[in-house]
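Please arrange chain B on chain A, whose structure you already have, making use of the hints.
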Amino acid sequence: MDNSICQVYEDEIQSLEEEIKLLTEKYEDSQQESTFFSDEEILMAIKSFQRESERRESLSDLIAQLESLETDLSFLKKFTGIQFTSHFKKTVEKTTNRTVRKHRLSGNCYSLSFQLEFQLLEMQNKENVSAVVTDLGIIMESGEDADMSKFVSSTEEHGNLLRFFRSLSSYAEWYEHRRCTFLHFKGKYPDIVTLPEGLLGDYIILRNPKHSGFELMIVWKIHIDEEGRTTPVLDLLTKVPQQVLEQNMATIENAPACFRSMLLLFGIETALENLIKVVGLEK
Amino acid sequence: MEEGKRNSAHGVFAHLERLEAEAREIAVKEEKMKQEEEKQARLKARVRELSLQRDMLLAKVRLQKKRLREKRAMSDPAKSSARAVLEWKIKNIKGMLQISYLTGISGKQTKQGVCFCISTAYESTYLDSYYVHLLVKPEVQIYQHSVPTFIPLEEIAKKYLQTDIGRFLSVLSDHLNAYAGRKYQADQLQEHFSDQIEGTVQRNSLCNLLVFNYKVSSKSKTFPFNVRLLYGDLCCSLPTEVNVSCTPDAPASLAEMAAAHSDLFRRVALHKAFRSFSSAEESVDGAP
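Keeping their order, the protein sequence lines are chains A and B. Going by full-length UniProt numbering, the final residue of the first sequence carries number 283, and the count climbs one at a time with no gaps. Going by full-length UniProt numbering, the final residue of the second sequence carries number 288, and the count climbs one at a time with no gaps.
Think of the hints as simulated: they come from the structure by calculation, not from any bench. Hints may be right or wrong, so weigh each one.
Subject to a maximum C-alpha distance of 20 Å in a straight line, what follows is the list of computed DMTMM-like cross-link-like pairs (lysine to aspartate or glutamate) [as the list claims (entries may be wrong)]: (1) K272(B) x E156(A); (2) K111(B) x E139(B); (3) K77(A) x D164(B); (4) K60(B) x E17(A); (5) K39(B) x E17(A); (6) K44(B) x E17(A); (7) K111(B) x E70(A); (8) K272(B) x E226(A).
If we strip away everything but chain A, and leave its shape as in the complex, we get:
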């Protein structure tokens, strides 16, 4: 009889322990949940502060703190090109000397946006804290780019998050530089320069409106290898009417090689400028 009473208590203890475990997980999960507010909401909040005169002092401290933090964030963007737009973290496991957190991170680097999901295992040693990235998943906006896809796969496989950010920064900088260069020449020579795929395309076409049938296509690819090394590659393709081709065969055949030499000598912008001027000549 007594045994059965003890058994009842033990069963109750077990069920309570399970319930406590579930509740603890629930509590920790909701504790990690963070809410994100739009700039519009912030502005509205700041406006409403000015009406709350009795609490103005502490609220103005909060505004100052927010402004200071935003300055730090934009300062980092200036040097890395990377800007985080949202961040969510959840503690998966926590002991005295190790913590595992799951992170979800969205952001952009210049005009390229990315989404990351990974686990970060932080271990406390005697001297310092070391962190290990696991289960890394990356979604890139420019997913259709074969080079970028290979690089992303390699990065995910090795969990090499630092290399991802460093290489993305370099790649996106070239991407932005190409966009600005195309925009500059389209603005400066609107009659000669056309952008069939817009500013985010990887080629421009030069044609003289007075000489129909003659076109130069400049293809500007940005290669990224599996190690994350970024290289701009520019090429010149020609489209010439048949009779002109017969008269100037050698010149036209040599044009791409001459363009590559010009790139090495003068750099991208000057080489393009010279080419556009040649295309724009009257004769």
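Structure of chain B alone, referenced to chain A:
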């Protein structure tokens, strides 16, 4: 007569023994009951304690749900308290700044100028961080730093600091990450493959020159291979020059293996090369 006395004495002893046995039995039963009661009391107390803990947690979770509902209600700016919106925005940005070290370069403006933190990592493992505090007025100069002396900081600063701080940080980061990568590989080798290495790996402070003797087979008593790795490119964690030779007493058949190792060390991280030696040996051992 004597016999009668003996019988009655025997009867008394037997009776006493019976009484003793009964007393013992009662004592054991009482002890058992006492233990049962104590156990019950203990279990009852534990149930009470756990019930209390459960009720506390339940209250916390309910309270949190309520707060969460309030937070979600904040998405309607009319309902949300201005203070709460700001506090959440601050918390969010702080979280982002805390993990900005993952990008490799993070920093903060200070009264004197700017303090940058350069993180290093080898593949998925984040290693040491280094700090460079720059003064920006009257001209950009290094005020304080924790960069090791063998990293050519002055040379990099002379080249880029006045013209392009971003480039300066990037090149410095390349140097520090390559050094961290070389050091990490040597440490991993020493830690996980010490039985295959004779003594310790000889290395200089920059870890761009490593020399050691090693063996591939765990059965081997000697260390027939000698390797010298030179990392000519200080921004790289793979060697530019690899020299694997066999010790004079090593069998001639190992010369071919040394050439294969030389090629492997050029392409693969040091500890990974040794891991492949181990797996190759296991597959040979496991072959029928």
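For each hint, the structure was consulted:
no.	hint	result
1	K272(B) x E156(A)	holds, 18 Å
2	K111(B) x E139(B)	holds, 15 Å
3	K77(A) x D164(B)	holds, 15 Å
4	K60(B) x E17(A)	holds, 17 Å
5	K39(B) x E17(A)	holds, 18 Å
6	K44(B) x E17(A)	holds, 14 Å
7	K111(B) x E70(A)	holds, 17 Å
8	K272(B) x E226(A)	holds, 18 Å
In summary, the structure agrees with every hint in the numbered list given earlier.
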